[in-house]
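There are 4 protein chains.
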Amino acid sequence: MSGNSFGTLYCVTSFGESHGPAYGGVVDGCPPGLELSAADIQKELDRRKPGSSRHVTQRRESDTIEILSGVHQGRTTGTAIGFLIRNEDQRSGDYSAIAEKFRPGHADYTYWQKYGVRDPRGGGRASARETMVRVAAGAIAKKWLAERYGVAVRGYLAQLGPKKIALRDWAAVGANPFFAPDAAIVPELEAFMDDLRASGDSCGARVNAVASGVPVGWGEPVYGRLDADLASALMSINAVKGVEIGAGFAAVGQRGSEHGDEMTPQGFLSNNNGGVLGGISTGQDITVSVALKPTSSIRLPRRTIDVHGQPTEVQTTGRHDPCVGIRATPIVEAMLACVLMDHALRHRAQCGDVTPPTPPIAGRVR
Amino acid sequence: MSGNSFGTLYCVTSFGESHGPAYGGVVDGCPPGLELSAADIQKELDRRKPGSSRHVTQRRESDTIEILSGVHQGRTTGTAIGFLIRNEDQRSGDYSAIAEKFRPGHADYTYWQKYGVRDPRGGGRASARETMVRVAAGAIAKKWLAERYGVAVRGYLAQLGPKKIALRDWAAVGANPFFAPDAAIVPELEAFMDDLRASGDSCGARVNAVASGVPVGWGEPVYGRLDADLASALMSINAVKGVEIGAGFAAVGQRGSEHGDEMTPQGFLSNNNGGVLGGISTGQDITVSVALKPTSSIRLPRRTIDVHGQPTEVQTTGRHDPCVGIRATPIVEAMLACVLMDHALRHRAQCGDVTPPTPPIAGRVR
Amino acid sequence: MSGNSFGTLYCVTSFGESHGPAYGGVVDGCPPGLELSAADIQKELDRRKPGSSRHVTQRRESDTIEILSGVHQGRTTGTAIGFLIRNEDQRSGDYSAIAEKFRPGHADYTYWQKYGVRDPRGGGRASARETMVRVAAGAIAKKWLAERYGVAVRGYLAQLGPKKIALRDWAAVGANPFFAPDAAIVPELEAFMDDLRASGDSCGARVNAVASGVPVGWGEPVYGRLDADLASALMSINAVKGVEIGAGFAAVGQRGSEHGDEMTPQGFLSNNNGGVLGGISTGQDITVSVALKPTSSIRLPRRTIDVHGQPTEVQTTGRHDPCVGIRATPIVEAMLACVLMDHALRHRAQCGDVTPPTPPIAGRVR
Amino acid sequence: MSGNSFGTLYCVTSFGESHGPAYGGVVDGCPPGLELSAADIQKELDRRKPGSSRHVTQRRESDTIEILSGVHQGRTTGTAIGFLIRNEDQRSGDYSAIAEKFRPGHADYTYWQKYGVRDPRGGGRASARETMVRVAAGAIAKKWLAERYGVAVRGYLAQLGPKKIALRDWAAVGANPFFAPDAAIVPELEAFMDDLRASGDSCGARVNAVASGVPVGWGEPVYGRLDADLASALMSINAVKGVEIGAGFAAVGQRGSEHGDEMTPQGFLSNNNGGVLGGISTGQDITVSVALKPTSSIRLPRRTIDVHGQPTEVQTTGRHDPCVGIRATPIVEAMLACVLMDHALRHRAQCGDVTPPTPPIAGRVR
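Here the protein sequences come in this chain order: H, Z, B and G.
According to the working numbering, the first sequence is numbered sequentially starting from 1.
According to the working numbering, the second sequence is numbered sequentially starting from 1.
According to the working numbering, the third sequence is numbered sequentially starting from 1.
According to the working numbering, the fourth sequence is numbered sequentially starting from 1.
One chain only, chain H, in its complex shape (with noise of 0.2 Å):
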């Protein structure tokens, strides 16, 4: 498997730069039949767009796809589906006080060492551009778990910088510009944005997502678990440093009369597991949570050293998200997706003759 795809049966892979001609992808595996337009990716794909509010980049893309092969007459044909996304607003001179310089906490210097040479013109292949891609596969992925399954896929961002999200409303997530599931904490998210970008600097954030209707099943041991794939597909997105699992780091001060999910003929009584044990999805909520960094790029001056090993400053003036997660939560649904989608298959292949001995318990009692 090379390292620009991931997935077994619904498999994804992605090319391009921040400031080439194009951003493109192939989706393989996907079933025959499926009604598929470029409507139904665009919408995903504009909620991840640069441009949508002062909090974001300022870079100004349609981030329009045009698909370029694996649909006729409105549906799925089952052969691979292209798609390629145009970049618009390469302005790469903005870049040129940089590419001489490695940024802290950039991917500059990994790359220059790895590769010898690299496209320094926003940050290249490293940038977060690339996870249109994502959010273009998941979008399919999406489609097709929601109509075959039920199931739904759904994020937010739980923690700007120092401030805590609770999720209090689902409805208001698509109503700001932060994911942010509670409209009333928007205000003075937005003041800290304008303070943060004031300053030059730039902050983490926690981004939280729940797929819900997924059946009791999916996923293989013991490597090919659902909760390493997901946390693989996680842990891939651009400045994503942590994934947890339902109760994740928490369960560590857990005991295990409290820590283990009783069961009863109604359901579960708790999700502590995030609807995964042994590696294969309970039927109950899949509930994953991400760290993401701040950004790298920030107009504050850093000391570092060039392409020359000498020692500089860099500050970084080109337009960037001062914080990446508030543009976060459709790619962590898009990748939540795929890894679903990827198993589904899988488990059906695997298992598709199985009748379950005992009807499988609702997901949660609430």
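Careful: at least some of the hints might be erroneous.
Pairs count within a copy or across copies, as identical chains cannot be separated in the list.
[To be verified] Below, a list of computed lysine to any residue pairs in the SDA-like style, where the Cα atoms sit at most 25 Å apart:
| # | residue 1 | residue 2 |
| --- | --- | --- |
| 1 | Lys-143 | Arg-348 |
| 2 | Lys-163 | Ala-250 |
| 3 | Lys-43 | Pro-356 |
| 4 | Lys-43 | Ala-22 |
| 5 | Lys-43 | Pro-311 |
| 6 | Lys-163 | Glu-258 |
| 7 | Lys-143 | Val-117 |
I should point out that these hints are in silico values taken from the structure, not numbers from a laboratory.
For clarity, every value in this text was computed on a predicted model and none was experimentally measured.
Once you have looked at the hints, place chains Z, B and G on chain H.
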């Protein structure tokens, strides 16, 4: 890639159940010429072995490894290394009481629903005894990484239930049954475990690991990131619910000016990124941390259902670790080593001709 | 995917050397619930076993299989099936004379140059004894294909050196040591082999195999074609130098009006395509044919070089098959079965919801 | 690995349909620093292009490639190389007459039955236009192999229908529309094709290819053999029904004393094995041969069924190659090159530290 294999070039395949005749594995892709004996692997297996203190399961197993192929006259030949570890102390009678019930927090229920059949003895394939295969594969990887690149992979118990354990002394790790890096805290841990055991309950843990000496350049953008593969490998360990690289979830609350590791010709000035930027190693220590949930098999009564879907209660009286985290340190080290070795091979495949344009800087200025 | 594994969903991993302690393998991805015992596999291994007639190697091996995992109470559990076959009749002394020389036509030289080390005993990893693992994995696949889809996989010796053998009677195949589908020709084959053996030389062979009852639809465009995967699996068998599907090389001289198999509601009118069109099964018999080269280990003197690069002569006096093709029929069947099972699983993963818009036509009108 | 990708480290992913907007592909794993321009690829695409003589399809396509990523300032960066080739001369009206019928020998029927839907225009995904992606990927592989190892990959038409074509002159290959290695035979081939075209029928062909300069040691036992991967890659080409390495099916009739290539310090004395022993390259020429079946789309009437399962007759009057083998030479070369590059990378991953204990001998004494 099947669910019981991991790795692209250093590829590990595993089989075995807790109460079947044996565990075994196949390590494929190991370079030829590495000196290797059963003793090299046995010493790592012995670190993970049950019955080594009163704080872990009292199952008596020698966990003796037999190398079946891939080694000739004391050196690896480059062909597949097959190995076998016979089970010796199966007492399947222990499990008859729970064969009809699902333990809360255990994979009993999900295997049952996924496959329609299961081997209930000792958790079957879901048993943590499978981690022997990982430790064996990791022993080979550790040896190669040390000899070829001078990489050292070490881990320790960082938290036991509520008790945080600071890294004070690497030498202490091997001298107590907890892998605690602080001799002074051991009596406190022992007392805690004695109380826990008496209570019939279990607890969670945190294990940290560090790989030192990793060169800059290992890892592949964008889905085959070093940290993505680490996340998958670590999350695939039984009971793991969270994975962090570097600052991990602490990055959520950091500013960019704090998180981004500054660089000087003498080295990096901090290591918030945990040795990975853009999915590629920086030359700094690779630092990872995992959360392990409390053991689900506990003596305390818990509400559950039976295989007929009826409500019941379950108490698990077999031999179990009250804290699986206590023996997890060698496992975390092993998975870290396997992923690093895989990426070492992948890197030299693609970039074997690259001369880094600038001499790499030191991992970290101390 | 490592070199010692094949298959995407029905994944086989192999290890072992001719004069090491054992061969073994791991079959991953088998659906749960299949009745399976060691005897089911043993009967196929016995068909390939050495020493069964004077025309094959006189090495005495029982080739007894031990199933180590993945089966509980006589049924597959869906977890990895590990198995072991101990070597019993290693006489490594036999090989001391050739340890320093390379046999023309043998892998001696290439292993030596690739790895810098090799296990010269009995060909080491290059020995055809490895095909036991294939036969074992194929036995499971055959059983599942037969029970789940009614697929029958059968093969026969179609040519022995210069002697072509027509398919006259499937029942004859199991009743002679050559797998010849024509009882009348057996005395001629025996006389030919007796002469060949006396001459100290070896000969090539052709083996054909047929899978009947394969439904339409297995196989994936464009690189994962059913015939592409078959070609790989068959060419990976020791000594195979050519692979044909359907008309094979005869298609070169055909006209389109002759080659293209006409269709009627009652079925196809011919089967030049060998049951595969566009890489996807048609519902007709899958027909394959392989060319096996003559054994390279012969008693006649041959010019060669030694491990120091010096010219020398080599004669191989150990126990060898004078025609590896004689025991190849079960191996070809096994590889055919494994690939079909893999594609059966892959097909239902992606197309499990497809209702064929037209009832499939019969495989072939006879 | 998904069906539209091949290769482990040099990994090619393909998408596109004959009458969709475009074909494209992603080449992942190419080493950084290779000089690469669109012209390097275009020259290979032009060799395969339709409309270049009266003997091939008259579809007018420029087959112009656009490189979208992975190249910066004229050199590969080590990241995924995405490329696009727009279709220009779709005349979908051509296909309306056959949209309701299945062409004998074509993938029409199998796609329809597998997916329940299909894009009937120009064969959709089954069209041989997809081979452009292979040729593009092969152009990059050829360039790298030549520059890094001095490997030359060349092919030629060895048989056109009944007409065998001897390899007399490599220089002739590029100087006639058949890739025939013998200028003298070209008028005969032209006359044959003119007659064939007039008859409304089609014919098969054989294409041979040779890779010279391949070092000893590429290929992995036992399933990842170089010849096994070649067999898969070549059999995956549209219309291929047989694959040979070295002596191929002629080996069936050979004796061991004839087939096994003798060795001297000056080199091998013959090359029956086609440059591969035990799945590993010997340092000799890699020689492969493929059988291509006659085109299934012919003007002559054929019995078939329609999409309702009713008997009917079909004649195909669109623009088709009467012999797909005529344009197949660049495709066979491309697949050979891609597999070799993949194995070059795999070899140095595992065996990058091996110093061959004996200097390799020459490929062949002539």
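Hints violated by the structure (numbers, ascending): Hint check: 3 and 5 fail, others pass.
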